[in-house]
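Residue-level listing of the chains:
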Amino acid sequence: MADNQLLALSGVTLAFAGNTVLDDVNFSIPRDAIVSLIGPNGAGKTSLFNSITGFYKPQGGSVRFDGQELLKLKPHQVTASGIARTFQNVRLFREMTVLENVMSGMHCRTKSGALAAVLRLPSQQREEAEIRAFSEECLAFVGIADEANREATTLAYGHQRRVEIARALATKPKLLLLDEPAAGLNSGEKVALTELIARIRNELGISVLLIEHDMGLVMKISERISVLDHGKMIAEGTAKDIQNDPKVIEAYLGQDDGEGQS
Amino acid sequence: MTSNSNGAVPTHGLGPFLQDARLRWVVAIAILAFLVVAPMIFGSYITVILTNALLYVVLCLGLNIVVGYAGLLDLGYAAFFAVGAYTIGVLTIQFGFNFWVAFPFAVLAAVLAGVIIGGPTLRLRSDYLAIVTLGFGEIVRFSARNLEITGRASGISGIQDPSLFGWQIRTQTDYYYVFVVLAIIAVIASFRLANSRLGRAWLYVRHDEDAAEAMGINRVQVKLAAYVIGAIFGAVGGAFFAANLGAISPESFSFEQSVLVLMAVILGGMGKIPGVILGAFIIILGPELLRDLGEFRLLVFAVGLLLIMLFRPSGIWPGRRGA
Amino acid sequence: MTAFDVVMQQIVNGLVLGSFYALVALGYTMIFGVIKLLNFAHGDLYMVGGFVGFLVLSAISGITGGGWTGVAISMFLSMIAVGCLGVVIERVAYHPMLRAPRLSILITALAVSLVLQNTVLSITHGQYTAFGADFGFGGVNLGNVFITYNQMILVGIAAFLMIGLEVFVSRTQYGRAMRAVAIDKDMCQLMGINVSGVIAVTFLIGSALAAAAGTLAGAYYGSVWYFMGFLIGLKAFTAAVIGGIGSIPGAMLGGLILGFLEAFGTQLPGIGSEWKDVFSFAVLILVLVFKPTGLLGKSEQERM
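Protein chains in written order, with this note's numbering: chain A, 1 to 262; chain B, 1001 to 1323; chain C, 2001 to 2304.
Everything labelled a hint here was simulated from the structure, so no lab data went into it.
Fair warning: there could be bad hints in the mix.
Claimed, not checked - DEER-style ranges, computed between Cβ atoms: (1) B:L1147 to C:V2088: 51 to 61 Å; (2) C:H2095 to B:L1147: 55 to 65 Å; (3) A:L115 to C:A2003: 19 to 29 Å; (4) C:V2092 to A:A140: 43 to 53 Å; (5) B:F1311 to A:K247: 29 to 39 Å; (6) B:G1119 to C:S2170: 37 to 47 Å; (7) A:N244 to C:Y2174: 51 to 61 Å; (8) B:F1296 to C:P2096: 25 to 35 Å; (9) C:Y2174 to B:L1289: 49 to 59 Å; (10) B:V1101 to A:R126: 34 to 44 Å; (11) C:F2168 to A:N244: 52 to 62 Å; (12) A:R109 to B:S1154: 22 to 32 Å.
To be verified - DSS-like cross-link-like pairs, simulated, lysine-lysine; straight-line CA separation at most 30 Å: (13) A:K240 to A:K174; (14) A:K247 to A:K57; (15) C:K2276 to A:K74; (16) A:K57 to A:K72; (17) A:K57 to A:K232; (18) A:K72 to A:K240; (19) A:K72 to C:K2291; (20) A:K232 to A:K190; (21) C:K2036 to A:K72; (22) C:K2036 to A:K240; (23) A:K220 to A:K172; (24) A:K72 to A:K111; (25) A:K220 to A:K232; (26) C:K2276 to A:K57; (27) A:K172 to A:K247; (28) A:K174 to A:K190; (29) A:K240 to A:K190; (30) A:K57 to C:K2185; (31) A:K57 to C:K2036; (32) A:K232 to A:K174; (33) C:K2036 to A:K74; (34) A:K172 to A:K111; (35) A:K190 to A:K172; (36) A:K220 to A:K72.
Claimed, not checked - From the derived model, a few chain C residues whose C-beta atoms are all more than 12 Å from chain B: (37) A2003; (38) G2192; (39) W2275; (40) I2285.
Model, not experiment: these values are computed from the prediction.
We put the CB at the ideal spot given by N, CA and C, even for glycine.
Using the sequences provided together with the hints, build the complete structure.
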């Protein structure tokens, strides 16, 4: 793979108890790109996310990210290497404020330990201030700075999704993986989300890979689209290529409940 | 203190009462004043009981880090208490060390024990830790009872009173003040840990391990840190316990001891420092107030623990844990 | 005694010990299977089973005598009583906790264990209670090794109970439902399986097996006391982990392995019988480090 690829998967194979979920998947994301991963329900999209981020351990293949092999890494090491993610069903930390949720992202970019905390060393105090400042910046970026003090799980659903994105941004990633970010959003919120994703790439220089069922959104912002069906990559290309690909049409027609829900 | 009720980040480890920093100072100074004059007002009998309660405050705050902050169940906490006490006993009696020379070894031994037990276990389901620590507690006691160097069943006696910068710690009142200082240090350390990067990480991991991992938090490392820090509190308590009594024996470190400390933490309210302190005092003073309980003592506590879990799992101190 | 005799003797000892461990480990592993709870109270149900067995035997020994007939009847009644106690515990203490954080239910289990232990402590004042079984000392000689009839009967009863359980789990409707619930509780709910009922039956059987072991242990060793369930609870967990927690054949296998390990381990130079418990705990740590899924456990990746 050429150096202009940020992430490159080759031959990734994953099986659960004999059922093949991912079958020899080859897939790559260029630097500075917005890429979408689509496919019918149960195609293995989230499993692919989990394999990239270290939550699942594929039986074979390789996942190279920015010159580093990720396949043997634990999820926290993958995040530290520069990949952040959100979850399909929002998973915020209960009983904690929005700001505290976002501060979790800074954990892997800071290092004060127990002793520094007990002694309140100046370096620790500085770091605490830094964590807070950057987390507030991330919240401002996604447009919910004024909700910082509220308990995260009491927010409106659309805002909870934004907290998740802010939390992922706080890990200072090079690549952001969004798992169905538009699910459950109304059309106004979807427009705002589209803008936000574009700004993440354009202003922060972070590449974005999204899994999404909302084809309108996908066609609008993706530079490239990959299609997964039954654990196999069946097509890859621009929005136009994909719309006209007979294999893709067949994969979607073979499924009766269509798009829009997971 | 960094943040108060106006800040965006709530102060952890207190519950809703003491969110205001000024109120916190008033309460702290009032309690401190009481602790300083207590031995002068009450007789030596009460001073001994208060010393014991303060020891429990240290132990309970240590276990609170493991159970209350990190959400890990440790059923063999007395083992770390024993490791601290026996390290002091063995090194001062068998090897002629000074107390203060032996003290760092006591802490080091607890850290090592914590890493050896927690390291492999914390990679697995968290509940395995509960039963492994239960076994570990028994092993430490068995070993103390069967080894020559720890004095077998009769234990170790004749442990010297330490002195500090020329002050010979000797009388019961001296020890009382030593434990006042230890308890204050434990409270401050717990509070600062709760409101730090590591303290937040414990909450993240406790609430959602997968999401915490996805945020770049090494859950094994973070849990191990909690377990080992808890071990250090236990060993420090044990070291001074040994010096105070001058004699230790295996039965001081039984399963019952671990259970009492755990009960105090849960009764008061896991994760809430004032609640845990309250719990420690209830566990120590309760039986004193109800002297004729006798062998019903543990039964009363056990039923209390069950009722707390069924009807008020966040303990008697108001507010949810962690906040 | 020759080396062969020592080995034979320890095989017999290991078999007896292993039968107790296996019976208790079975309940541990079954309950873990259906509600993913380490039931700390399980060892105490064994203890309560011992006491109920003692009470029944005291009441009926006038008619049946203290021999195996009396013990068998005591064991059977003890199994019913403690089985029901297990169901009550599940309903009252664990059921309301199934959706609570894991820590809460673990502590609740501990609380139940302490309540059982200290209730018996208060009643018996912490004294050992003589069981009152009256066995003969007959047996057979195998070379220099003497095997008592008691040992044979005990292992026989344990084997009978385990075979019965295996038949129940593999052949009956409830057994199949139990295995299904262990795999996916929510799915079973959707499929119309009475999940609560399955959980109750699991507690009934698991607790009854512990009670059987408790009564047999009381009769075999001659006394019962309030703390007798503590160590065996720990050992049974070890046995369940060795076999692979959640696996029923694993618990049987793990119990026997642990029994043999202890019997032979205490023969090793430097490990006297006072180190027996330390030895089995060391085994637990080693298994958790090197093979946490146990011998018969499945090492499937956890799905998120």
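Results of checking the hints against the structure:
| no. | hint | in the structure |
| --- | --- | --- |
| 1 | B:L1147 to C:V2088: 51 to 61 Å | violated (43 Å) |
| 2 | C:H2095 to B:L1147: 55 to 65 Å | violated (45 Å) |
| 3 | A:L115 to C:A2003: 19 to 29 Å | violated (56 Å) |
| 4 | C:V2092 to A:A140: 43 to 53 Å | holds (51 Å) |
| 5 | B:F1311 to A:K247: 29 to 39 Å | violated (59 Å) |
| 6 | B:G1119 to C:S2170: 37 to 47 Å | holds (39 Å) |
| 7 | A:N244 to C:Y2174: 51 to 61 Å | holds (56 Å) |
| 8 | B:F1296 to C:P2096: 25 to 35 Å | holds (26 Å) |
| 9 | C:Y2174 to B:L1289: 49 to 59 Å | holds (50 Å) |
| 10 | B:V1101 to A:R126: 34 to 44 Å | holds (36 Å) |
| 11 | C:F2168 to A:N244: 52 to 62 Å | holds (60 Å) |
| 12 | A:R109 to B:S1154: 22 to 32 Å | violated (55 Å) |
| 13 | A:K240 to A:K174 | holds (27 Å) |
| 14 | A:K247 to A:K57 | holds (29 Å) |
| 15 | C:K2276 to A:K74 | violated (38 Å) |
| 16 | A:K57 to A:K72 | holds (8 Å) |
| 17 | A:K57 to A:K232 | holds (17 Å) |
| 18 | A:K72 to A:K240 | violated (36 Å) |
| 19 | A:K72 to C:K2291 | holds (20 Å) |
| 20 | A:K232 to A:K190 | holds (29 Å) |
| 21 | C:K2036 to A:K72 | holds (29 Å) |
| 22 | C:K2036 to A:K240 | violated (50 Å) |
| 23 | A:K220 to A:K172 | holds (26 Å) |
| 24 | A:K72 to A:K111 | holds (23 Å) |
| 25 | A:K220 to A:K232 | holds (24 Å) |
| 26 | C:K2276 to A:K57 | violated (39 Å) |
| 27 | A:K172 to A:K247 | violated (37 Å) |
| 28 | A:K174 to A:K190 | holds (23 Å) |
| 29 | A:K240 to A:K190 | holds (21 Å) |
| 30 | A:K57 to C:K2185 | holds (25 Å) |
| 31 | A:K57 to C:K2036 | holds (24 Å) |
| 32 | A:K232 to A:K174 | holds (26 Å) |
| 33 | C:K2036 to A:K74 | holds (25 Å) |
| 34 | A:K172 to A:K111 | holds (15 Å) |
| 35 | A:K190 to A:K172 | holds (24 Å) |
| 36 | A:K220 to A:K72 | violated (35 Å) |
| 37 | A2003 | holds (27 Å) |
| 38 | G2192 | holds (30 Å) |
| 39 | W2275 | violated (7 Å) |
| 40 | I2285 | violated (7 Å) |
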